[in-house]
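S.K.: Working from the sequences, and respecting the hints, build out all of it.
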Amino acid sequence: MKYVDEFRDGALARNIAANIAREADPRRSYHLMEFCGGHTHAISRYGIADLLPANVRMIHGPGCPVCVLPAGRVENGIQLAQMPGLILCCYGDLLRVPAANGMSLLKAKAHGADVRMVYSSADAVKIAQENPQRQVVFFAIGFETTTPPTAVAIKQAQALDLKNFSVFCNHVLTPSAISHILQSPEIRQLGVLTLDGFIGPAHVSTVIGSRPYEYFAEEFQKPVVIAGFEPLDVMQAILMLVRQLNEGRAEVENEFSRAVTRDGNIKAQLLVAEVFELRRVFEWRGLGPVPYSALRIKSQYADYDAELRFQIPAVSIPDNRACECGAILRGVKHPRDCKLFGTVCTPDNPVGSCMVSSEGACAAHYSYGRFREKAS
Amino acid sequence: MSTVKHNYTRPLDFKQGRVDMTHGSGGRAMAQLIDELFLAAFDNEFLRQMNDQARFPAPSGRMVMSTDSHVVSPLFFPGGDIGCLSVHGTINDVAMSGAKPLYLSASFILEEGFPLADLRRIVESMAQAARDAGVPIVTGDTKVVEQGKGDGVFITTTGIGVVPNGVNISGERARPGDKILVSGMLGDHGVAVMSLRENLTFHTSIQSDTAALHGLVAAMVAAVPDIHVLRDPTRGGLATTLNEIARQSAVGMMLYENKIPIREQVKAACEFLGLDPLYVANEGKLAAICAPEDADRLLQAMRAHPLGSEAAIVGEVIEDQHHFVQMETAFGGRRVVDWLTGEQLPRIC
Numbered sequence: 338m339k340y341v342d343e344f345r346d347g348a349l350a351r352n353i354a355a356n357i358a359r360e361a362d363p364r365r366s367y368h369l370m371e372f373c374g375g376h377t378h379a380i381s382r383y384g385i386a387d388l389l390p391a392n393v394r395m396i397h398g399p400g401c402p403v404c405v406l407p408a409g410r411v412e413n414g415i416q417l418a419q420m421p422g423l424i425l426c427c428y429g430d431l432l433r434v435p436a437a438n439g440m441s442l443l444k445a446k447a448h449g450a451d452v453r454m455v456y457s458s459a460d461a462v463k464i465a466q467e468n469p470q471r472q473v474v475f476f477a478i479g480f481e482t483t484t485p486p487t488a489v490a491i492k493q494a495q496a497l498d499l500k501n502f503s504v505f506c507n508h509v510l511t512p513s514a515i516s517h518i519l520q521s522p523e524i525r526q527l528g529v530l531t532l533d534g535f536i537g538p539a540h541v542s543t544v545i546g547s548r549p550y551e552y553f554a555e556e557f558q559k560p561v562v563i564a565g566f567e568p569l570d571v572m573q574a575i576l577m578l579v580r581q582l583n584e585g586r587a588e589v590e591n592e593f594s595r596a597v598t599r600d601g602n603i604k605a606q607l608l609v610a611e612v613f614e615l616r617r618v619f620e621w622r623g624l625g626p627v628p629y630s631a632l633r634i635k636s637q638y639a640d641y642d643a644e645l646r647f648q649i650p651a652v653s654i655p656d657n658r659a660c661e662c663g664a665i666l667r668g669v670k671h672p673r674d675c676k677l678f679g680t681v682c683t684p685d686n687p688v689g690s691c692m693v694s695s696e697g698a699c700a701a702h703y704s705y706g707r708f709r710e711k712a713s
Numbered sequence: 003m004s005t006v007k008h009n010y011t012r013p014l015d016f017k018q019g020r021v022d023m024t025h026g027s028g029g030r031a032m033a034q035l036i037d038e039l040f041l042a043a044f045d046n047e048f049l050r051q052m053n054d055q056a057r058f059p060a061p062s063g064r065m066v067m068s069t070d071s072h073v074v075s076p077l078f079f080p081g082g083d084i085g086c087l088s089v090h091g092t093i094n095d096v097a098m099s100g101a102k103p104l105y106l107s108a109s110f111i112l113e114e115g116f117p118l119a120d121l122r123r124i125v126e127s128m129a130q131a132a133r134d135a136g137v138p139i140v141t142g143d144t145k146v147v148e149q150g151k152g153d154g155v156f157i158t159t160t161g162i163g164v165v166p167n168g169v170n171i172s173g174e175r176a177r178p179g180d181k182i183l184v185s186g187m188l189g190d191h192g193v194a195v196m197s198l199r200e201n202l203t204f205h206t207s208i209q210s211d212t213a214a215l216h217g218l219v220a221a222m223v224a225a226v227p228d229i230h231v232l233r234d235p236t237r238g239g240l241a242t243t244l245n246e247i248a249r250q251s252a253v254g255m256m257l258y259e260n261k262i263p264i265r266e267q268v269k270a271a272c273e274f275l276g277l278d279p280l281y282v283a284n285e286g287k288l289a290a291i292c293a294p295e296d297a298d299r300l301l302q303a304m305r306a307h308p309l310g311s312e313a314a315i316v317g318e319v320i321e322d323q324h325h326f327v328q329m330e331t332a333f334g335g336r337r338v339v340d341w342l343t344g345e346q347l348p349r350i351c
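Sequence lines, in order, name chains X and A. All you need for our numbering is the position in the first sequence, starting with 1, plus 337. All you need for our numbering is the position in the second sequence, starting with 1, plus 2.
Source of the hints: derived by calculation from the structure; they are not laboratory data. Every clue listed holds true.
Calculated pairs, DSSO-like style, for lysine-lysine (alpha carbon to alpha carbon, straight line, at most 27 Å): (1) K17(A) <-> K145(A); (2) K492(X) <-> K463(X); (3) K339(X) <-> K261(A); (4) K444(X) <-> K151(A); (5) K463(X) <-> K446(X); (6) K500(X) <-> K463(X); (7) K17(A) <-> K151(A); (8) K446(X) <-> K500(X); (9) K500(X) <-> K635(X); (10) K444(X) <-> K463(X); (11) K463(X) <-> K604(X); (12) K463(X) <-> K151(A); (13) K339(X) <-> K269(A); (14) K151(A) <-> K446(X); (15) K635(X) <-> K604(X).
M.R.: So this is what it looks like as structure tokens:
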């Protein structure tokens with residue numbers, strides 16, 4: 338497949354792996370966090386860990402939109418879906434996320450709720466057009482990549498004068514999550530987690546550009562390399578991080594230069610700024626309340642805000658006490674450290690959110706990497 | 003003299019007509035549908051007996067029987083339709099034991115309002131598939147459900163066949179060291195069906211691979227009577243099929259990604275839909291497992307048959323107490339190829 342196979346070439350991978358092995362200093366270790374679930378998935382699916390020396394360790398970050406969505410918001414979605422006549426549209430990953438009492442949108446659907454999986458926000462608008470007598474809510478989740486399409490849907494609904502369409506907005510922001518991790522007590526005070534550098538998001542960065550990461554590099558003295566989601570991108574980014582660390586540099590470098598610029602997609606940024614504004618605080622699964630880390634719909638577009646239209650209450654549901662998703666999302670623990678992993682918590686019956694999405698650290702490890710645990 | 007023709011029945015309107023509740027009521031309307039459509043299309047000596055059951059000679063030996071319900075949406079897709087799919091699906095399930103399929107039954111659940119023209123297209127496609135395969139549909143049933151209680155048409159077929167002496171093909175016979183073969187390009191059916199889904203429509207030249215595999219199986223059994231395992235990787239794709247076999251045989255498996263035949267267009271479609279072609283359905287492919295010393299002979303026999311011309315050896319059976327299916331990625335790493343979680347694509351067969 339042209340423009341894809343080039344980035345999955347085994348011979349080139351061995352070449353980069355040899356460079357990493359040669360340049361990694363055996364006297365130290367390299368703890369690198371890939372923020373994005375897309376990278377987590379690529380690392381697991383292509384077996385990248387097999388190609389790295391033992392002292393280069395990847396730590397999975399919280400960049401999986403489904404994983405960080407708190408159970409309370411899923412519960413809100415389920416309650417919406419159970420309203421008579423309402424159609425709830427959402428992306429497929431969200432369907433299986435567990436909320437309270439083992440309920441999920443998929444189970445609500447089995448109980449008669451009209452929950453529809455869509456591939457894009459535009460499909461939700463179309464469903465609203467086709468069902469003028471019914472309320473249609475788009476359950477919007479995701480980082481900066483999925484936010485512009487939601488803004489487009491809201492503007493489209495306005496242009497079409499759709500009275501029955503609204504958005505339950507759960508869009509979150511990457512930079513605030515990274516700062517939150519870097520400021521966590523595990524890193525700053527307790528020292529239980531070492532983070533030497535970051536692989537920066539691919540698709541998110543096409544929208545926000547590389548500039549927002551300059552602050553982390555500077556303030557926290559951590560190198561950031563923005564990388565594409567193909568396995569060679571990840572390998573190359575690891576090599577670039579090893580080099581920065583060896584040379585004592587902490588800069589933002591862009592491996593994904595074929596798609597990411599320093600300024601990003603200005604048009605998309607303006608669109609988002611027109612429709613959304615910052616929330617003062619938003620709860621993340623695993624990270625807890627994170628200040629200025631999420632977006633809500635601006636008052637000019639309040640007509641399309643499902644939170645206002647349906648007076649959605651704030652619901653907080655504690656995670657299962659044995660579930661380690663929180664610590665795993667902060668990079669403090671590995672899926673294998675969780676008692677529930679692979680026993681009561683599996684992709685078919687997820688307890689924690691990290692086991693739901695294929696981008697979640699637990700699901701990726703379960704699906705692609707767990708043979709390593711059993712072998713050892 | 004009167005010009006009224008006695009015993010005249012107005013023929014079914016296959017242009018504008020639709021299925022209504024009387025077609026399943028057991029009365030004249032149903033008899034007419036059976037006569038003018040099903041009997042006419044499937045015509046054979048067993049069906050012509052016009053009994054509630056078919057009577058046929060039973061060969062000696064071990065019989066196999068298999069049944070399969072078909073609910074595919076959409077009903078017509080590039081390369082086939084629910085009709086030929088329902089014939090191929092059951093013939094293949096019978097054939098995966100190494101058996102020669104002999105007879106089929108077909109049961110229809112029709113939704114009130116379904117166009118008779120579409121029904122005729124489907125029934126004729128079934129009849130053609132059964133004739134091409136040389137396996138007659140010898141008995142059947144029709145029910146009609148109210149509008150909104152079905153999705154056009156659901157078809158259940160059952161097949162029986164007889165296994166040649168000395169052939170013992172079964173899911174628990176995979177042994178460490180055995181080779182794993184596939185009969186051709188994977189993922190065509192799933193991608194062809196998906197390309198027509200209303201919320202997804204994309205243009206592709208991919209056609210469903212739906213086909214009856216008993217001829218290929220007969221050629222394979224003739225070349226290597228001691229094939230250990232045969233299975234057609236339908237729903238859940240090759241990944242799911244191999245996991246089933248690994249569990250049944252209590253073994254592990256190792257696949258080689260760069261040996262697995264997958265069309266560029268299928269790879270591309272899966273890439274942008276976020277799917278893994280190893281989990282996408284096939285309707286005219288099989289996976290075979292045999293002793294290493296038989297593998298080349300089996301491969302040659304498969305490649306000599308038109309339905310196996312792109313066959314390949316894709317991996318081997320290994321010892322593994324955890325029964326993992328693993329894969330050496332083309333990239334150079336290793337990963338688990340796990341059971342399918344949830345539902346990758348609903349209603350594809």
